[in-house]
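2 protein chains.
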Amino acid sequence: MAAAWHLKSRPTGLPTADNFEHREISLPALEDGMVRVRNQWLSVDPYMRGRMNDVKSYVPPFQVGEPLEGGAVGEVVESRSSDFQPGDRVLHMMGWRDEAVVPAAALNKLPTIPGVEPQAFLGNLGLTGGTAYWGLLDAAQAKAGDIVFVSAAAGAVGSAVVQIAKAKGMTVIGSAGGADKCAFVRELGADAVIDYKSGIPLVKALAEVAPKGIDVYFDNVGGEHLDAALALGRKDARFAICGMIDGYNSGEPTALRYLMRVIGMRMMLKGFIYTDYLPRNAEFFADMGQMIASGQVRGRDTVVEGLEKTPEAFLGLFSGANTGKMLVRL
Amino acid sequence: MAAAWHLKSRPTGLPTADNFEHREISLPALEDGMVRVRNQWLSVDPYMRGRMNDVKSYVPPFQVGEPLEGGAVGEVVESRSSDFQPGDRVLHMMGWRDEAVVPAAALNKLPTIPGVEPQAFLGNLGLTGGTAYWGLLDAAQAKAGDIVFVSAAAGAVGSAVVQIAKAKGMTVIGSAGGADKCAFVRELGADAVIDYKSGIPLVKALAEVAPKGIDVYFDNVGGEHLDAALALGRKDARFAICGMIDGYNSGEPTALRYLMRVIGMRMMLKGFIYTDYLPRNAEFFADMGQMIASGQVRGRDTVVEGLEKTPEAFLGLFSGANTGKMLVRL
Chain A
1 MAAAWHLKSR
11 PTGLPTADNF
21 EHREISLPAL
31 EDGMVRVRNQ
41 WLSVDPYMRG
51 RMNDVKSYVP
61 PFQVGEPLEG
71 GAVGEVVESR
81 SSDFQPGDRV
91 LHMMGWRDEA
101 VVPAAALNKL
111 PTIPGVEPQA
121 FLGNLGLTGG
131 TAYWGLLDAA
141 QAKAGDIVFV
151 SAAAGAVGSA
161 VVQIAKAKGM
171 TVIGSAGGAD
181 KCAFVRELGA
191 DAVIDYKSGI
201 PLVKALAEVA
211 PKGIDVYFDN
221 VGGEHLDAAL
231 ALGRKDARFA
241 ICGMIDGYNS
251 GEPTALRYLM
261 RVIGMRMMLK
271 GFIYTDYLPR
281 NAEFFADMGQ
291 MIASGQVRGR
301 DTVVEGLEKT
311 PEAFLGLFSG
321 ANTGKMLVRL
Chain B
1 MAAAWHLKSR
11 PTGLPTADNF
21 EHREISLPAL
31 EDGMVRVRNQ
41 WLSVDPYMRG
51 RMNDVKSYVP
61 PFQVGEPLEG
71 GAVGEVVESR
81 SSDFQPGDRV
91 LHMMGWRDEA
101 VVPAAALNKL
111 PTIPGVEPQA
121 FLGNLGLTGG
131 TAYWGLLDAA
141 QAKAGDIVFV
151 SAAAGAVGSA
161 VVQIAKAKGM
171 TVIGSAGGAD
181 KCAFVRELGA
191 DAVIDYKSGI
201 PLVKALAEVA
211 PKGIDVYFDN
221 VGGEHLDAAL
231 ALGRKDARFA
241 ICGMIDGYNS
251 GEPTALRYLM
261 RVIGMRMMLK
271 GFIYTDYLPR
281 NAEFFADMGQ
291 MIASGQVRGR
301 DTVVEGLEKT
311 PEAFLGLFSG
321 ANTGKMLVRL
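Chains A and B supply the protein sequences, listed in that same order. First residue of the first sequence? That's 1 in the UniProt record's numbering, and the numbers climb one at a time after it. First residue of the second sequence? That's 1 in the UniProt record's numbering, and the numbers climb one at a time after it.
There could be a bad hint or two in this list.
[Unchecked claim] Take a look, some chain A residues computed to stay more than 12 Å from chain B by CB distance:
{"id": "1", "residue": "P103"}
{"id": "2", "residue": "V116"}
{"id": "3", "residue": "D191"}
{"id": "4", "residue": "K204"}
[What the hints assert, rightly or not] Derived contacts from chain B toward chain A, CB cut-off under 7 Å, selection only:
{"id": "5", "residue": "T254"}
{"id": "6", "residue": "A255"}
{"id": "7", "residue": "L256"}
{"id": "8", "residue": "M260"}
{"id": "9", "residue": "V262"}
{"id": "10", "residue": "I263"}
{"id": "11", "residue": "R266"}
{"id": "12", "residue": "M267"}
{"id": "13", "residue": "M268"}
{"id": "14", "residue": "L269"}
{"id": "15", "residue": "G271"}
{"id": "16", "residue": "F272"}
Hint data in this document are derived by calculation from the structure and do not stem from the laboratory. In this text, a Cβ means the ideal position worked out from N, Cα and C, and glycines have one as well.
I would like the entire structure built from these sequences, with the hints used as guidance.
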């Protein structure tokens, strides 16, 4: 029997283990055009929290009593499609389970890139790396010479932002929580690191390491981080608004003391979504693939073992348990 | 003797009459290259409140004990510059006084446009009309067919936004405070008007008149208005951030409940400053001049009589005393 994690109840505020239920599932008989996949790697990502609310967004909400979904890399074990053979490595969206029957049209065969592990397609060559790449270079129009501030710089997206920005000739300031994560961000090549758990107000900490201000802010956090970036943004600063993990669970309004500076400094804030850039994947694979091959961008994963620990891995995203990409290995 | 209003003390919060002092001034002897101007129209504008704080911004702060400055239209009475003759109508920045000695380089001779009064260069052909024009068409990239929401739509900038947007084929929703101002905004051609003093929460009021959402928001107000626009912005919505009069005096942070929608809806917020567009004045005069000549854009001024009432006119901007452009006639 296969098994899958189901949404047992919608979280209010921070999710807990009680919101998830592990249940056996019976897979349908394999019809024409369908493929059976044994999952090997599951992705858990902060955006999934939004899908647990019953609100319309850019992705439809999860349904109570139904299996959860998310990025997964697996191996084809049985196929009734001529496009896939047993043994093929594939990327698809039926994660949170050990085995899935997937329409061939919803599967992506993974290209073989020397030295690149298949789980990279859930990370630096997938959602998190693509989010970093397009947010920095397209939404924020960052260019060589810019001073870039990125929040949650030890996270999957943030650590890719740091490395891409350095590869492209920018000065990078990252924020992270705690000494270990700050050391990791420094190892990634950041020119300066702010420990947001140090007790120093963020505006003050950022002003110290960016006395001339910042040109670009890559926002993964919202709240105080966004306000500090508004306080330090200089003329024509551009903000890529990627995520606001501070607000996903709280429901509190964002309080901004420095918002008015967008006028005097002619700042631009731009929200963006990774999937809008999927048509440009070839461009992304070429440029990012080269940065990975040359060692300019390295992945670092936090790996949790076993399907049964998937909710734990997901909850860890909100307590800062991960450095780099959080993955579940089956 | 000439007279000028001086900054007596820096306001904290809402300015009061006590912050201003009317004093006689002695004009310097007229040296080569200098021109003596008798002012006829003075402009008071919300941005002046910012200059009363002792903080660096896009314009330097006013100094305590010194005369205030601002847009003024006057007539040359004496000239030691070959570029200006007595009788010439000029635009300059030495307002808040009845007479001024101004370097020729800081004076702009007003072109004669049939049917256009000289004070229009303080309004629809000046700072407020230019702010409306460039904010709407450049910062927000508004185009025919867009649904545009503009706050403070009965004010000088807002009323120009409403009329330009209609002239360019957009649907326009304006907000204003009270029945008289709302009637005025409707007369300007707005498709729908929201009375923000009605007690109905702005998000609800905007959702009722914009069931499909908005494409463009022209922000003169900040605070709740901005939050309502964030709540209703649809995919690829663009916000021109022009002013935040709600926050100029309060010092309170802006609380935004709907900020996170910028991500899912890929919204863009852009701050801008009118003076950045001065190099494109010829383009602006041509297009806006035509809209004024054809009657598509009309000015409406609130006129206060006499230099001694200048602070009163300025304070009236914050209590909603003006419909359209607030001017002082000497």
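> Holds or violated: is the Cβ of V116 (chain A) farther than 12 Å from all Cβ atoms of chain B?
Replying inline: Its Cβ never comes within 12 Å of chain B, the nearest being 29 Å, so this holds.
> Would the hint on M267 (chain B) stand, with a C-beta cut-off of 7 Å toward chain A?
Replying inline: holds (5 Å)
> Taking the least C-beta to C-beta distance, is G271 (chain B) closer than 7 Å to chain A?
Replying inline: holds (4 Å)
> Against chain A, is T254 (chain B) within 7 Å by beta-carbon distance?
Replying inline: Where the cut-off is 7 Å and the nearest Cβ of chain A is about 5 Å from T254 (chain B), the hint holds.
> Should the interface hint for M268 (chain B) be scored as holding, given a Cβ-Cβ cut-off of 7 Å against chain A?
Replying inline: M268 (chain B) check passes; min Cβ-Cβ to chain A is 5 Å, inside 7 Å.
> Does the claim that P103 (chain A) lies outside the interface with chain B hold up, using a Cβ gap greater than 12 Å?
Replying inline: About 26 Å separates P103 (chain A) from the closest Cβ of chain B, which puts it past 12 Å; holds.
>> Using the nearest Cβ pair, does V262 (chain B) come within less than 7 Å of chain A?
In response: holds (4 Å)
> With d taken as the least Cβ-Cβ distance between D191 (chain A) and chain B, does d exceed 12 Å?
Replying inline: Consistent with the label, D191 (chain A) stays out of reach of chain B, its closest Cβ about 26 Å off (over 12 Å).
> Would K204 (chain A) pass as off the interface with chain B, using Cβ distances and a cut of 12 Å?
Replying inline: Since the minimum Cβ distance to chain B is about 17 Å, K204 (chain A) lies beyond 12 Å and the statement holds.
> Minimum Cβ distance from L256 (chain B) to chain A below 7 Å?
Replying inline: Hint on L256 (chain B): holds, closest Cβ of chain A at ~5 Å, below 7 Å.
> Taking the least C-beta to C-beta distance, is M260 (chain B) closer than 7 Å to chain A?
Replying inline: Constraint on M260 (chain B) satisfied, holds at 5 Å.
> Under the criterion of a CB-CB separation shorter than 7 Å, is F272 (chain B) in contact with chain A as hinted?
Replying inline: holds (6 Å)
This entry satisfies every hint, going by the numbered hints stated previously.
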